[in-house]
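Student: Can you build the whole structure from these sequences, using the hints too?
As given, the protein sequences belong to chains A and B, one line each in that order. Under the numbering used here, think of the first position of the first sequence as 1, with each following residue one higher. Under the numbering used here, think of the first position of the second sequence as 1, with each following residue one higher.
Do not rely on the hints blindly, as some may be mistaken.
[What the hints assert, rightly or not] When the alpha-carbon atoms are kept at most 35 Å apart in a straight line, the in silico DSBU-like pairs for lysine-lysine are as follows: (1) B:Lys137 - A:Lys572; (2) A:Lys519 - B:Lys169; (3) B:Lys160 - B:Lys58; (4) A:Lys278 - B:Lys4; (5) A:Lys6 - B:Lys137; (6) B:Lys125 - A:Lys329; (7) A:Lys6 - B:Lys181; (8) B:Lys58 - A:Lys5; (9) A:Lys6 - B:Lys58; (10) A:Lys519 - B:Lys89; (11) A:Lys46 - B:Lys180; (12) B:Lys174 - A:Lys5; (13) B:Lys137 - B:Lys125; (14) A:Lys457 - B:Lys4; (15) A:Lys6 - B:Lys169; (16) A:Lys555 - B:Lys174; (17) B:Lys137 - A:Lys555; (18) B:Lys58 - A:Lys303; (19) A:Lys325 - B:Lys4; (20) B:Lys160 - B:Lys180; (21) B:Lys180 - A:Lys519; (22) B:Lys181 - A:Lys555; (23) B:Lys174 - A:Lys521; (24) B:Lys169 - A:Lys146; (25) A:Lys522 - B:Lys174; (26) B:Lys181 - A:Lys521; (27) B:Lys181 - A:Lys534; (28) A:Lys267 - B:Lys58; (29) A:Lys6 - B:Lys180; (30) A:Lys540 - B:Lys137; (31) B:Lys89 - A:Lys325; (32) B:Lys89 - A:Lys233; (33) B:Lys125 - A:Lys325.
[As the list claims (entries may be wrong)] Okay, the calculated bits of chain A under chain B, using three or more residues with CB under 8 Å as the criterion: (34) 168 to 179; (35) 272 to 281; (36) 308 to 319; (37) 349 to 356; (38) 546 to 560.
Don't read these hints as lab results, they were simulated from the structure. Using N, Cα and C, we set each Cβ at its ideal position, and we do this for glycine too.
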Amino acid sequence: MSETKKVVMLGNEAIARGAYEAGVKVSAAYPGTPSTEISEALVQYKDSIYAEWSPNEKVATEVAIGASVSGVRAMACMKHVGLNVASDPLYTVSYMGVNGGLVVFVADDPGLYSSQNEQDTRMVARAAQVPVLEPSDSAEAKDFVKIAYELSEQFDRPIICRTTTRLAHSQGMVELKEREEVEDKVYEKNIRKNVMMPGNAKGRHVEIEKRNLELAEAANTLPINRIEMNDTKIGVITSGIPYLYVKEAIPTASVLKLGMVNPLPQKMIADFAAKVDKLYIVEELDPVIETQVKAWGIECVGKEIFTVQGEYSANMVREAILGEKVEVKAPAAAPMRPPILCPGCPHRSVYYVLNKLKMHASGDIGCYTLGAVAPLSVVDTTICMGASISSLHGMEKAKGKEYIKNWVAVIGDSTFLHTGVNSLMNMMYNQATGTVMILDNSTTGMTGHQDHAATGKTLQGDPTNAVNIPELCRALGVKNVVEINAFDIELLEKTIKEETAKDEVSVIITKTPCVLLDKSKKPLYTAHADKCKKCGACMKPGCPAMTKNADGTIKIDDTMCTGCGLCESLCKFDAIELVTGGAK
Amino acid sequence: METKNIMIVGVGGQGTLLTSRILGGLTIDAGYDVKLSEVHGMAQRGGSVVTFVRYGEKVAEPIVEEGHADVIIAFERLEALRYAHFLKKDGVLVVNDWRIDPMPVVIGAAEYPENILENLAKEHKVYTVNATEESKKLGNSRVFNLIVLGMAAQHMDFTKEQWYSVIEKTVPPKTVDINKKAFDVGYEL
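Tutor: Here it is, written out as structure tokens:
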């Protein structure tokens with residue numbers, strides 16, 4: 001018998017471990033909080049699992065589908081909104097089914113810690129008729145992976161394994177097991193199953209309806225759906241993280257814990273409902289379980305007393321179900337501390353210039369979304385990955401080219417390669433004249449520095465081809481491609497004025513690495529109060545390292561300054577000076 | 001034993017993740033069940049961040065409910081104020097006496113509250129250290145969080161050897177000595 005080892009792992013690390021133990025051979029993903037660490041944790045198993053960053057979630061899912069078709073266990077990982085990008089292959093692989101097991105790991109974000117919406121993956125999965133497993137903690141996150149692959153292969157279904165931020169980014173105990181090598185399935189050409197043209201897809205639709213009914217029946221005896229009978233006054237159906245809140249708040253309640261949330265075990269639920277006096281459904285976000293239970297004519301209480309927004313807590317469950325008013329002190333009045341661009345961030349410099357020129361920006365998804373807030377206040381719109389370029393194009397087509405002379409699209413390097421490149425292609429095809437700024441910081445910043453197709457390094461750390469972004473733009477037909485240092489504010493101002501004035505598409509690439517990429521000791525600046533005229537010019541970019549002394553003169557926090565020099569370039573009175581060898 | 005609830009609060013980038021991982025490792029080594037809840041992603045970029053550490057015989061939920069924290073470790077004064085209501089009645093608040101202005105204050109849209117520590121001390125057990133200045137004396141301002149942690153360690157039931165052992169396992173090898181030194185500064189205050 002092999003020795004068992006207990007360690008503490010993030011939910012995401014546990015999923016990666018689960019994939020390793022389950023014999024997965026291929027993984028593809030695009031970074032997205034809160035799913036990113038799954039792929040990062042897979043790197044340690046590189047001898048057993050090939051893992052990559054793909055340019056977007058659609059590509060990642062198709063890579064995983066290909067691997068599955070060839071006969072190996074495969075996975076794709078993404079955040080909830082990434083599943084929208086991947087929904088095209090998802091809906092159709094649902095018809096095809098699998099050869100080697102196929103699991104898509106999707107992390108939802110109730111409470112919107114790092115997302116543009118609060119959508120519920122279970123709704124997408126139901127629409128795509130894809131079964132969903134939902135673990136509650138790190139231990140289950142690991143163990144459910146193996147179960148997911150077994151169900152996938154047994155029922156010929158792709159499976160979604162759904163987590164939420166609270167699980168993905170919580171650490172808990174996990175018991176490590178050995179990797180189980182799974183024999184590759186034999187690939188046999190089968191166009192009725194794998195070529196989804198109308199005649200074949202029609203047949204597959206019948207087949208998957210049948211398979212889903214079989215799976216729904218099997219769900220009644222699936223061990224991960226379990227009843228914990230206790231006092232029968234209160235019965236709760238729950239899953240995932242809310243299960244933990246229920247256990248914490250009402251340890252005496254009877255609980256039906258669902259490990260599989262789609263399809264639901266109808267008979268098990270009906271039996272459980274019959275045994276308890278009052279039935280509650282506790283599920284974050286949409287009433288997915290509740291709606292079905294009610295449709296079966298089973299009386300229950302759910303969203304009448306629970307919100308469809310944000311995260312739950314044990315206190316919330318106590319209040320809603322037990323009617324116990326939990327006495328908590330009101331939080332003290334404290335000024336908000338919203339996220340901001342880091343000191344030394346090259347985006348700040350770009351936004352400072354755009355703000356000075358009174359430009360509007362069609363924004364995108366990344367750190368640079370933070371250019372929407374004061375004092376930079378440049379970004380007007382943020383929708384989804386790649387939308388900056390295409391929505392600027394839409395404005396031009398609606399209002400004409402003069403209307404967008406004081407607009408630019410701003411997009412990061414990773415986001416440009418994700419879906420922005422299609423939008424730029426569209427501008428070139430459909431005779432646009434707008435200006436696109438690619439804020440190229442040489443990384444996927446917001447999610448914590450992941451490589452991408454233009455960094456020259458793979459997820460597993462190997463050197464590789466690096467897409468040349470300026471050449472890519474030229475290949476699309478863009479004649480005006482300008483590369484510039486983000487901190488050269490004079491040149492930047494001149495360039496933006498010139499390029500937006502043109503009646504042709506321009507791409508301005510500000511090529512300056514993320515300040516956090518370079519971990520070396522940096523020089524820093526200091527402010528001389530005797531020379532400071534309190535004009536406030538250096539404060540305009542909103543650098544968090546800049547504060548004021550009681551007398552209104554400027555002070556630079558030497559623990560935060562990274563020596564970018566933006567403040568110095570704005571001071572007309574030589575009050576800010578470079579010092580080397582500061583406190584860091 | 002009743003589950004213990006620790007919170008680490010601060011400003012994104014101040015090293016709350018490293019500190020919570022040290023605490024997590026410590027409690028596991030001591031044989032407890034543990035759950036930690038962290039913040040990654042956008043909220044980490046200079047925003048207000050909170051990390052929960054819960055340990056005991058069997059821990060269910062990974063978050064600390066309001067009014068239940070045994071110890072809050074705050075890396076900045078305003079963040080101490082923001083989360084102080086999570087403390088239980090006799091809970092302990094350990095604060096880095098340091099100010100980082102949030103953007104609303106930088107741009108003049110809000111005032112940084114005066115006398116935070118004095119006011120908190122009227123209702124809670126508050127221990128303070130200017131760890132940022134102390135860490136500069138050690139020659140590395142980034143290890144300030146170990147000073148604060150050292151101070152918090154005085155109010156927790158683990159031996160110095162247990163703390164040392166987990167610090168050795170958790171921080172980058174080259175920084176073990178300076179981190180232990182920083183821990184000592186806080187532990188001996």
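Student: Tell me the numbers of any earlier hints that the structure contravenes, in ascending order.
Tutor: 5, 10, 14, 27, 35, 37
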